[in-house]
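Undergrad: In case you want the letters, here they are:
Number of protein chains: 2
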Amino acid sequence: MKRLGILLSGRGSNFEAIARSIEEGRLNAEIAVVISNRAEAPGIEIALARGLKAVHISSKGLDREAYDAQLVKELKENHVELVCLAGYMRMLSASFVREFPMRILNIHPSLLPAFPGLDAQHQAFEYGVKISGCTVHFVDEQLDHGPIVLQAHVPVLATDDSDTLAARILKEEHRIYSEAVAIVLNGRYRVEGRRVIEEV
Amino acid sequence: MKRLGILLSGRGSNFEAIARSIEEGRLNAEIAVVISNRAEAPGIEIALARGLKAVHISSKGLDREAYDAQLVKELKENHVELVCLAGYMRMLSASFVREFPMRILNIHPSLLPAFPGLDAQHQAFEYGVKISGCTVHFVDEQLDHGPIVLQAHVPVLATDDSDTLAARILKEEHRIYSEAVAIVLNGRYRVEGRRVIEEV
Numbered sequence: 001m002k003r004l005g006i007l008l009s010g011r012g013s014n015f016e017a018i019a020r021s022i023e024e025g026r027l028n029a030e031i032a033v034v035i036s037n038r039a040e041a042p043g044i045e046i047a048l049a050r051g052l053k054a055v056h057i058s059s060k061g062l063d064r065e066a067y068d069a070q071l072v073k074e075l076k077e078n079h080v081e082l083v084c085l086a087g088y089m090r091m092l093s094a095s096f097v098r099e100f101p102m103r104i105l106n107i108h109p110s111l112l113p114a115f116p117g118l119d120a121q122h123q124a125f126e127y128g129v130k131i132s133g134c135t136v137h138f139v140d141e142q143l144d145h146g147p148i149v150l151q152a153h154v155p156v157l158a159t160d161d162s163d164t165l166a167a168r169i170l171k172e173e174h175r176i177y178s179e180a181v182a183i184v185l186n187g188r189y190r191v192e193g194r195r196v197i198e199e200v
Numbered sequence: 001m002k003r004l005g006i007l008l009s010g011r012g013s014n015f016e017a018i019a020r021s022i023e024e025g026r027l028n029a030e031i032a033v034v035i036s037n038r039a040e041a042p043g044i045e046i047a048l049a050r051g052l053k054a055v056h057i058s059s060k061g062l063d064r065e066a067y068d069a070q071l072v073k074e075l076k077e078n079h080v081e082l083v084c085l086a087g088y089m090r091m092l093s094a095s096f097v098r099e100f101p102m103r104i105l106n107i108h109p110s111l112l113p114a115f116p117g118l119d120a121q122h123q124a125f126e127y128g129v130k131i132s133g134c135t136v137h138f139v140d141e142q143l144d145h146g147p148i149v150l151q152a153h154v155p156v157l158a159t160d161d162s163d164t165l166a167a168r169i170l171k172e173e174h175r176i177y178s179e180a181v182a183i184v185l186n187g188r189y190r191v192e193g194r195r196v197i198e199e200v
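Just so you know, the protein sequences line up as chains A and B, in that order. Going by the working numbering, the residue at position 103 of the first sequence is 103; the numbering climbs one at a time, nothing skipped. Going by the working numbering, the residue at position 193 of the second sequence is 193; the numbering climbs one at a time, nothing skipped.
To be clear, the hints were calculated from the coordinates, so they are not data collected in a lab. Be careful, since some hints might not be right.
Which residues of chain A face chain B? A partial, calculated answer using Cβ under 10 angstroms [claimed, not checked]: (1) S132; (2) E141; (3) G187; (4) V191; (5) R195.
Because the structure is a prediction, the values reported are computed rather than measured. All residues carry an ideal CB built from backbone N, CA and C; glycine is no exception.
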């Protein structure tokens, strides 16, 4: 059974979606550990309630490298093969990324490369795009930048505000994150340049 | 009947798509004039063969302002109400844009704001996006930047190269350009900030 490590800072609804996919037999994996950088992250309680291992690692007084070294230690001790970011609100250091080459996934609520960074749904809404969506990508050393595993699109409707748009995107996030994890765990893909090509 | 002016530099397949929409009664407008900056643009012959007025305006020896003043003159003499760029490979000057405020449309073969500029389909392919598409937008003084009227998406398939992707996008371009022209001519929209909101 492939072992996942989840990093989150809040509720981590995408973590819950992955947990549900596993529970319902749609994803063949197990969640080895859930790690939060914030003690009060609801995702910790949710993980514990599901009987999962969940830990808070405080960043107090630690620089990024020192903090990320602790993350790496925790993940390795739990034999994590694939790291999934689920609303993890800290940049990962280059040395963390190098510890898990092409073994870290993130989900971002826009069709990257459009609208990287914070508040992507609001950015997209204000820009006036007619189509937005979400992206699961490998994490590299640049923000919201690594090779793309899956994307899903949603329409932006005349009646939308940025909250209704965000809700529509979130539904797609919950769907494609598990699908992307399955693709990566199954290894049925190759990478050419930046292109992740599924081998069916 | 609302009068369109078309600017092109090559074949202008999006011009042909608009002409077909008019011919088949799907778009209530007429093409008043087709203007090319290149004498050898196939679009001129195609326009003439359709019985449309088509002219070449040479840019030889003219700076952008002087050239664009000639374009404006030709368009105004033909009582053009909406200018449609169809593969027009010159930047328009700010003074041209000011002559037709929110009355110039362009079509771009990507989901803007992703992949502005040349060779957008190839850019998207190399970036490894899983979803691309095309965008009809008002032209403002920045490249591929004005408020978006319509977008359409296409999938990027594992078997694609950038040519097959470009062909799939082009089919959507031919569909949505006429739709966007109809929306603008009908005036059933309002603009809030950058957002073009259709009023149905």
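Undergrad: Each of the hints needs a verdict: does it hold here or not?
TA: Now the hints, each set against the structure:
no. : hint : in the structure
1   : S132 : 9 angstroms, holds
2   : E141 : 17 angstroms, violated
3   : G187 : 15 angstroms, violated
4   : V191 : 9 angstroms, holds
5   : R195 : 4 angstroms, holds
Checked against the numbered hints listed earlier, the structure breaks hints 2, 3; every other hint is satisfied.
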